[in-house]
Amino acid sequence: MTTFWILQTLNTLQYAALLFLIAAGLSVSFGLMGFVNLAHGALYMLGAFIGVTLSVQAGFWAALFLAPVTVGAIGLILYLGLLGRVARLGPMPQVLVSFGLVFIATEIVRILWGDVPLSIDIPSALRGRLDMLSVSYPLYRLFVIAIGAVVSLLLWLGVNRTGLGAALRASVENRTMARAIGIDTDRLFLWVFTLGAALAGLGGVVAAPITSASAGMAVSALVPALIVTVIGGMGSISGTAAGALVVAAIEVFGAAIWPAASSVLIYAALAAALIWRPQGLFKGAVSH
Amino acid sequence: MFRLNPLRLATFVLLVISLALYAGFGGFFAREIVAEIAILAVLAIALDVAAGFGGMVSLAHGAIMGVGAYVYALAGQNGMTPWPAAASGIAAAGLTGALIGVVTGRTQGVYFIMATLAFGQMIWALTFSADWLGGDNGLGGIMRPSLPFSDLTDPLSFALYAIAVIVIVFGLATLFLRSALGRTFEAVHENPQRAASLGLSLIRVRTIGFAASSALAGFAGVLAAQHMQFISPAMMVWTASGEVLVVLILGGIGTLVGPALGATVFVTLKYWSAGWTDHWHLIIGAVLIAVVLAGGHGIYGQFERWYRHAFG
Chain A
1 MTTFWILQTL NTLQYAALLF LIAAGLSVSF GLMGFVNLAH GALYMLGAFI
51 GVTLSVQAGF WAALFLAPVT VGAIGLILYL GLLGRVARLG PMPQVLVSFG
101 LVFIATEIVR ILWGDVPLSI DIPSALRGRL DMLSVSYPLY RLFVIAIGAV
151 VSLLLWLGVN RTGLGAALRA SVENRTMARA IGIDTDRLFL WVFTLGAALA
201 GLGGVVAAPI TSASAGMAVS ALVPALIVTV IGGMGSISGT AAGALVVAAI
251 EVFGAAIWPA ASSVLIYAAL AAALIWRPQG LFKGAVSH
Chain B
1 MFRLNPLRLA TFVLLVISLA LYAGFGGFFA REIVAEIAIL AVLAIALDVA
51 AGFGGMVSLA HGAIMGVGAY VYALAGQNGM TPWPAAASGI AAAGLTGALI
101 GVVTGRTQGV YFIMATLAFG QMIWALTFSA DWLGGDNGLG GIMRPSLPFS
151 DLTDPLSFAL YAIAVIVIVF GLATLFLRSA LGRTFEAVHE NPQRAASLGL
201 SLIRVRTIGF AASSALAGFA GVLAAQHMQF ISPAMMVWTA SGEVLVVLIL
251 GGIGTLVGPA LGATVFVTLK YWSAGWTDHW HLIIGAVLIA VVLAGGHGIY
301 GQFERWYRHA FG
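Taken in sequence, the protein lines are chains A and B.
Residues in the first sequence are numbered consecutively from 1, following the working numbering.
Residues in the second sequence are numbered consecutively from 1, following the working numbering.
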């Protein structure tokens with residue numbers, strides 16, 4: 001019995017790590033600019049496919065580093081060329097334009113990589129399983145948990161312990177006031193958006209050996225990431241981490257304990273979160 | 001307030017006549033296309049009532065339409081004749097909309113969009129995992145209704161019947177928007193503070209408006225079930241609702257004529273591009289972005305502006 005719980009907890013942590021990587025950028029875009037970027041799942045998908053190609057050319061470790069950089073650059077170009085303009089237009093245009101980008105990105109991926117799901121080979125150093133606490137768990141999945149932990153720690157330190165992070169928090173809290181005291185919120189948002197895109201790309205490469213890359217990822221990754229963002233509260237790193245853990249726990253334990261209802265549970269959680277506390281469950285008393 | 005001005009009426013009548021002529025002189029394939037256009041047009045008009053006039057941008061309308069389709073099919077399986085079954089489907093869709101409206105009535109903007117996404121996906125997931133609804137396989141063997149002077153199993157008669165449903169739904173949407181209730185629905189969207197200070201219950205008005213729009217979406221569901229004679233949860237998933245939103249924007253939101261025109265263009269474009277590419281979503285994505293960047297008026301909205309500028 002304990003084996004079951006330990007195993008499901010590890011599965012939860014591994015899924016939460018991926019969700020966190022996808023949702024971090026989405027959450028901060030949302031919190032900082034009120035920008036709902038439905039194309040964020042498409043950046044995750046691009047990370048996976050670019051990772052597949054790079055790992056064939058240059059190996060897994062190069063792909064792990066270069067795919068996020070490439071996706072970050074794509075995010076930067078998209079923002080400068082299109083999304084920056086749309087971000088000022090309000091929710092409807094944002095939703096529509098980013099939805100259009102999902103269509104386009106999915107088709108480009110189908111043209112370049114085809115319709116067959118592609119996978120990345122796990123590097124030799126991370127193959128095999130680790131035996132601990134009476135369970136045997138794949139080493140690669142532990143590596144994913146570690147990446148999630150390290151990235152969330154770094155982000156948390158960056159946001160809460162640096163000057164740039166303070167500017168970011170100020171802008172999320174009150175953008176007009178932040179501008180008034182001299183914070184260039186537009187430029188800040190540009191870099192935050194790029195970083196968010198790179199993190200989604202990282203999530204894509206890291207996920208590819210487990211789930212394999214497919215053209216359906218852009219849409220299938222988006223909804224859980226939106227749920228994490230809503231449950232965690234927009235624009236907060238610790239909220240996103242907590243939201244990722246909650247959503248992962250609902251999905252993993254739901255599928256294991258109550259399979260019949262598991263597919264509904266997650267949407268019920270989203271609906272409950274939106275109606276009960278639209279600002280997010282983990283955002284305490286926020287002044288607005 | 002919605003005005004059915006001569007330009008709008010003329011465009012709508014012209015569209016309906018063109019569809020009827022296409023169905024009449026085209027072959028079997030043309031008649032199937034016209035039926036598909038009609039289903040999408042009805043759903044887009046229904047969404048326009050909620051999104052264009054009440055500001056309630058819904059990603060649940062595919063699921064609500066699905067409720068109408070499934071209830072129609074189930075009622076038929078349990079021995080109900082087609083017309084009462086159709087009424088049940090429409091009522092069930094309206095009721096679903098009322099429930100979603102009541103619960104999400106307080107949320108606004110993006111939060112409303114995501115709340116409807118959540119409820120739509122719940123309906124989809126429930127249907128998907130319910131064995132008694134056929135699960136992923138869906139339900140087949142659905143009946144078509146009968147009319148006194150025509151045989152609806154014939155593709156041409158069915159296409160003309162589908163066009164008649166567009167006209168009926170367009171008329172009902174116009175009647176609703178011009179009624180006191182419909183005007184209140186718009187007022188609550190235009191100026192919530194003023195509406196509230198006049199003593200209107202915002203949630204009640206929004207709920208009624210959303211229920212009305214959902215009942216119209218039920219017409220699309222019943223029509224879809226009658227057309228395909230087979231239904232599956234695929235019509236309920238949120239991307240299907242997203243596609244209807246695209247149709248609405250493409251045609252021109254807030255005009256009622258735009259959605260019907262948008263559906264015609266969308267389906268025509270889909271079959272035309274299918275001849276030389278299977279990446280037609282690439283085209284629709286680019287067109288969608290172009291329409292939004294051009295100001296979001298859509299084809300009909302842009303035309304109306306140009307017409308007013310030239311002749312008004």
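Check each hint, because a few of them may be wrong.
What the hints assert, rightly or not - Capping the alpha-carbon separation at 20 angstroms, the derived lysine to any residue pairs in SDA-like fashion look like this:
#, chain 1, residue 1, chain 2, residue 2
1, B, Lys270, A, Gln57
2, B, Lys270, A, Ile111
3, B, Lys270, B, Ile299
As the list claims (entries may be wrong) - Derived, one-sided and incomplete: chain B residues facing chain A with beta-carbon distance under 10 angstroms:
#, residue
4, Met80
5, Pro82
6, Pro84
7, Ala87
8, Arg106
9, Ile113
10, Leu117
11, Gly120
12, Ala125
13, Leu126
14, Thr239
15, His281
16, Ile283
Treat the hints as calculated values from the structure; they're not laboratory data.
Ideal Cβ placement from N, Cα and C applies to all residues, glycine included.
Verification of the hints:
1. B:Lys270 <-> A:Gln57: Not satisfied, since the Cα-Cα distance of roughly 37 angstroms exceeds 20 angstroms.
2. B:Lys270 <-> A:Ile111: 18 angstroms, holds
3. B:Lys270 <-> B:Ile299: 17 angstroms, holds
4. Met80: Violated: closest Cβ of chain A sits about 28 angstroms from B:Met80, beyond 10 angstroms.
5. Pro82: 31 angstroms, violated
6. Pro84: 30 angstroms, violated
7. Ala87: 28 angstroms, violated
8. Arg106: Since chain A brings a Cβ to about 8 angstroms from B:Arg106, closer than 10 angstroms, the hint holds.
9. Ile113: Holds, about 6 angstroms.
10. Leu117: Holds - the Cβ of B:Leu117 comes within 10 angstroms of chain A, reaching about 7 angstroms at its closest.
11. Gly120: B:Gly120 check passes; min Cβ-Cβ to chain A is 8 angstroms, inside 10 angstroms.
12. Ala125: 4 angstroms, holds
13. Leu126: Check passed: Cβ of B:Leu126 comes within 6 angstroms of chain A, closer than 10 angstroms.
14. Thr239: Interface hint status for B:Thr239: holds (6 angstroms vs cutoff 10 angstroms).
15. His281: 4 angstroms, holds
16. Ile283: B:Ile283 check passes; min Cβ-Cβ to chain A is 9 angstroms, inside 10 angstroms.
Consistency with the previously given hints fails for numbers 1, 4, 5, 6, 7, ordered from lowest to highest.
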